[in-house]
Amino acid sequence: MTWQESMGYVMDALSLGSLYALFALSISVVFGVMRLVNFAQGALVAAGAYALAATRGPFALRIVVVLVVCVIAALLMERVAFRPLRDADPDTLLVASFSVSVLLENGILLIFGSAPKGVELPHYFVQQVSLGGLSFPLLDAIAIGLTIVMLLLLVFFLTRTDMGLSIRAAAGDFTMARLMGVRADYVVSIAFGLSGLLAAPAVLIFMGTTGLTVPNVGDIPVLAAFAAVTIGGLGSLTGSLIGGYLFGILTVAFQALLPSGLGSYRDVFVFAIVLALLAVRPQGIVQTEALRTRV
Amino acid sequence: MTMGNGRVGGGVAWCAAIAAAVLLSGCGSSSGSSGATSSKVVIGMAIGETGPLVTYDTAAKDGAELAVADINAHGGLLGHPVELITADTHSEINQGSQAGLALKSKGANVILTSPDYNYGGGAARVAEQSNMVVFSAAGSSKFGPSGIGPLAYTTNYSVTSEGYVDAEWAYTTQHFDKAYVLEDTTTDAGLQQCDGFRSHFKELGGTIVGSDTFKNSDASIATQLTKLKAADKPDVILLCSYPPGGATAVQQLRAAGIDQPIIGEMAFDGTYWFKKTMRNLSNFYYVTPTSTYGDDPDPAVNAFWKSYKAKYGTPAVSFGVNYYAAVEAIAEAIKKAGTVSGSAVAKELDQATGSGLLNISYTPTTHILVNIPMRMMQVQNGKPSYLATVKLASVPPQS
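Protein sequence lines correspond, in order, to chains A and B.
Going by the numbering used here, the first sequence opens with residue 1, and the numbers climb by one from there.
Going by the numbering used here, the second sequence opens with residue 1, and the numbers climb by one from there.
If you are wondering where the hints come from, they were derived from the structure by calculation, not from laboratory data.
Possibly wrong hints are sitting among the right ones.
[Said to hold, decoys possible] The calculated label-pair distances, taken between Cβ atoms and stated as ranges, are:
#1 B:L204 to A:I220: 35 to 45 Å
#2 B:T389 to A:L275: 30 to 40 Å
#3 B:T314 to A:R83: 44 to 54 Å
#4 B:Y293 to A:L94: 41 to 51 Å
#5 B:K383 to A:L134: 52 to 62 Å
#6 B:V395 to A:M1: 41 to 51 Å
#7 A:R281 to B:Y293: 53 to 63 Å
#8 A:G113 to B:K309: 44 to 54 Å
#9 B:T207 to A:D91: 50 to 60 Å
[As the list claims (entries may be wrong)] Which chain A residues stay away from chain B? Per the calculated CB distances, all over 10 Å, these:
#10 E5
#11 G8
#12 Y9
#13 D87
#14 A96
#15 F98
#16 S114
#17 A224
#18 L277
Backbone N, C-alpha and C define an ideal beta-carbon position, used for all residues, glycine too.
Bound-form chain A, shown alone (with noise of 0.2 Å):
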């Protein structure tokens, strides 16, 4: 394997993986207020997806709807089908989210059709660089600078300002959290608006990569991103952003290196390295307190 290949699986990797971290992210601040498992944000993906397949003009302002449009999808679902659930078991939950995510996968489907949609990007998504002899696509660099982005912007979040505060109190400990003085109501708002916004670039960067969406877009990359969170620690913003490069490494590296005739298998050895990494240590590589408190 030479130099050139060797740094091109590591841009690969660090492409993926940001994928997989941005939405992991995006699962784990629901998952630490609300211990919401939701699988409706393959959803959320596809609606910002279809919103930006359905938009003309300059891209920055399209880059604008696509966060509108996540950030009040999101809003909506907690609005509409989690709050009057509050307080149902969390099984209870996780069949609203599937609900949430047929109903508004259908809803795509009757508004849009189920013919591929085409998504028009500016030319430099489809656009290769090179830096010191190594070439890649210069949106492997942007997924990776938009993911420390939104990592330094949520760290600055949640550490600076009261919203944050609110929401890592209320991850911590949320009876506590509501006996100190939080409204529920507010800070599961806030988190989930959080998980739109943050689920705004992953689309970005996933339509950039497909240039085509289906309504059922975001199931299979969002199912990478629960494996992501689940083996990186439920409702642990650091453990979700370890797990979503560690997917994302894993992927890569099977597909590099299993011989041609193994390469379909390829997730089969990488969900085997997940189930043997949970059965070490089955909290993830993060515990958190959520968790501790779940179990």
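Please build the complex by placing chain B on the supplied structure of chain A, with the hints as guidance.
This is chain B only, laid out in the frame that chain A set:
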């Protein structure tokens, strides 16, 4: 054996009598298994009128509708008008049987299903059990005697043969010696096309410089492309896949600066998958049974697409022609058989040679198109067009 020895108990005899009565009453009520005794010939379509298959199945229905209109304009079948009815599978595999039974209860004589072995399989099995001929445009030979049964036919081209045509064109016409194969392992079709290509390309003298796999739903194929770049530079890339995942792969190949010719699957026909994202896509090729762009070498095909577009607009997918050809083939066989009875119609279909718009030929064991003249299509500067006709010297071995 006990029956043969005349030792049938009274209870068993009663059961046999009741079963016979049920069977007889079933035959009487099913117009599918009887001759054309009713006042019309009914073609039932078990398709997704709602759900993800709508785009494909609507095109199928449009094609069948055109054929039925043409047949009725020429006096119908066996002196009866032909009627097309539908039952919604909701684009769900497990709803296929229900849709088939609904069509049977509405008096269908023949059934057409979604263009897929799995989605069409349920209704097809109902047809098979009810002595009705059943057609689809599935790319799998299992939609025939080796799977569904002897009354099942498909008007699609075998994907194994498609791989052979790809190889024939790439090596013989374009003189490409080195090929790289990217295989989408989501469906059997991708594997069969790639197998056919590999087998014939090597047979002709070409070299496969590398192979890799991916899934249609993969978020990225960046790793596969890194591997491809490290391989001995291929003259051509075979992409055994379909949109959306296949389209994503094309976008990523071009974004990675890989500009070699790409040969895709038949499913890449149409412009919807690249017109927004790769407006200037070039050097992309795929085979189809007909060109929908008005430049097909067969004037009858161009006339078909002209009337199709006049009635339904530009097709998103080209299944219309497959279902037009299916109804055409069924009508011809019913006329020859003088009945709509499945076994009699199938006997005629099994002798079809170069029939109708798609030059359909079947044998008692091969109910899929294995060697019709295929159109090699090209996409240059974002515009698809007819490039060449390729017909194999002999029928390739089917996997």
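Results for each hint:
no., hint, result
1, B:L204 to A:I220: 35 to 45 Å, "holds (37 Å)"
2, B:T389 to A:L275: 30 to 40 Å, "violated (52 Å)"
3, B:T314 to A:R83: 44 to 54 Å, "holds (46 Å)"
4, B:Y293 to A:L94: 41 to 51 Å, "holds (49 Å)"
5, B:K383 to A:L134: 52 to 62 Å, "violated (35 Å)"
6, B:V395 to A:M1: 41 to 51 Å, "holds (43 Å)"
7, A:R281 to B:Y293: 53 to 63 Å, "holds (58 Å)"
8, A:G113 to B:K309: 44 to 54 Å, "violated (19 Å)"
9, B:T207 to A:D91: 50 to 60 Å, "holds (56 Å)"
10, E5, "violated (4 Å)"
11, G8, "violated (4 Å)"
12, Y9, "violated (6 Å)"
13, D87, "holds (35 Å)"
14, A96, "holds (22 Å)"
15, F98, "holds (17 Å)"
16, S114, "violated (4 Å)"
17, A224, "violated (7 Å)"
18, L277, "holds (21 Å)"
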